[in-house]
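Participant: Residue-level listing of the chains:
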Amino acid sequence: DTGVSQDPRHKITKRGQNVTFRCDPISEHNRLYWYRQTLGQGPEFLTYFQNEAQLEKSRLLSDRFSAERPKGSFSTLEIQRTEQGDSAMYLCASSPTTGGFEKLFFGSGTQLSVL
Amino acid sequence: EDKVVQSPLSLVVHEGDTVTLNCSYEVTNFRSLLWYKQEKKAPTFLFMLTSSGIEKKSGRLSSILDKKELFSILNITATQTGDSAIYLCAVDDTNAGKSTFGDGTTLTVKP
Chain A
44 DTGVSQDPRH KITKRGQNVT FRCDPISEHN RLYWYRQTLG QGPEFLTYFQ NEAQLEKSRL
104 LSDRFSAERP KGSFSTLEIQ RTEQGDSAMY LCASSPTTGG FEKLFFGSGT QLSVL
Chain B
74 EDKVVQSPLS LVVHEGDTVT LNCSYEVTNF RSLLWYKQEK KAPTFLFMLT SSGIEKKSGR
134 LSSILDKKEL FSILNITATQ TGDSAIYLCA VDDTNAGKST FGDGTTLTVK P
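As they're listed, the protein sequences go chains A and B. The first sequence: position 86 = 129 (our numbering), numbered continuously. The second sequence: position 64 = 137 (our numbering), numbered continuously.
Incorrect hints may have been included.
Over 10 Å on every C-beta distance to chain B, these chain A residues come out as not near it, computed from the model [claimed, not checked]:
1) THR45
2) GLN60
3) ASN61
4) ARG74
5) GLN93
6) LEU158
A few chain B residues facing chain A, derived, Cβ under 8 Å [claimed, not checked]:
7) LYS114
8) MET121
9) GLY170
10) ASP176
For the record, the hints were derived by calculation from the structure and aren't laboratory data. Treat the numbers as computed from the prediction; the structure is a model and nothing was measured. Note that CB positions come from ideal geometry on N, CA and C, so glycine has one too.
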């Protein structure tokens, strides 16, 4: 069990650029989540996958955000035409689905700064 | 929409003190309430509570849920500097696949 890994750890970009983050979940976990966290706030749900199917996407998420999980393994989160308001910590988490009661295993996050 | 409110927002204590962190929630179809500790980056799981009145305990930490009054508390006894962290409360809704988090309580334990 190597835990949830995220890459890169830090990303600095200029407004208007596209960025892509990667998450590798714990291998036997079939659920994968993306959350966003800003200073002083709790994690805010963005989207989640059950295997390769994207089951829910936050209505707060603009069309500039897209996520994929090909083959139900790793996932990518892309932000197009970044804005300064996108600056945040992007957290990935995974969980097994056993009996409907789940705890989340989080990665260390990708800190995005949009200049 | 599910909602979680934590209090206090921040707390400063000295080593050896006992602290109580509060979490109140609104959820359409309650499934579980979870506590996490966030020290630097990744939140780590502490407790999952599904039934009222049953205390979960792990060392100096304990938590209990009141489903009638819609709240939970997290107690930490004999605090240590290593307990300094953000403590997050989250609720799971039966009809949703996600956890809804509160904004956390930042605990600082001074030596």
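Participant: Could you run down the list of hints and mark each one as holding or not?
Facilitator: Verification of the supplied hints:
{"no.": "1", "hint": "THR45", "in the structure": "13 Å, holds"}
{"no.": "2", "hint": "GLN60", "in the structure": "24 Å, holds"}
{"no.": "3", "hint": "ASN61", "in the structure": "24 Å, holds"}
{"no.": "4", "hint": "ARG74", "in the structure": "7 Å, violated"}
{"no.": "5", "hint": "GLN93", "in the structure": "7 Å, violated"}
{"no.": "6", "hint": "LEU158", "in the structure": "22 Å, holds"}
{"no.": "7", "hint": "LYS114", "in the structure": "4 Å, holds"}
{"no.": "8", "hint": "MET121", "in the structure": "6 Å, holds"}
{"no.": "9", "hint": "GLY170", "in the structure": "6 Å, holds"}
{"no.": "10", "hint": "ASP176", "in the structure": "5 Å, holds"}
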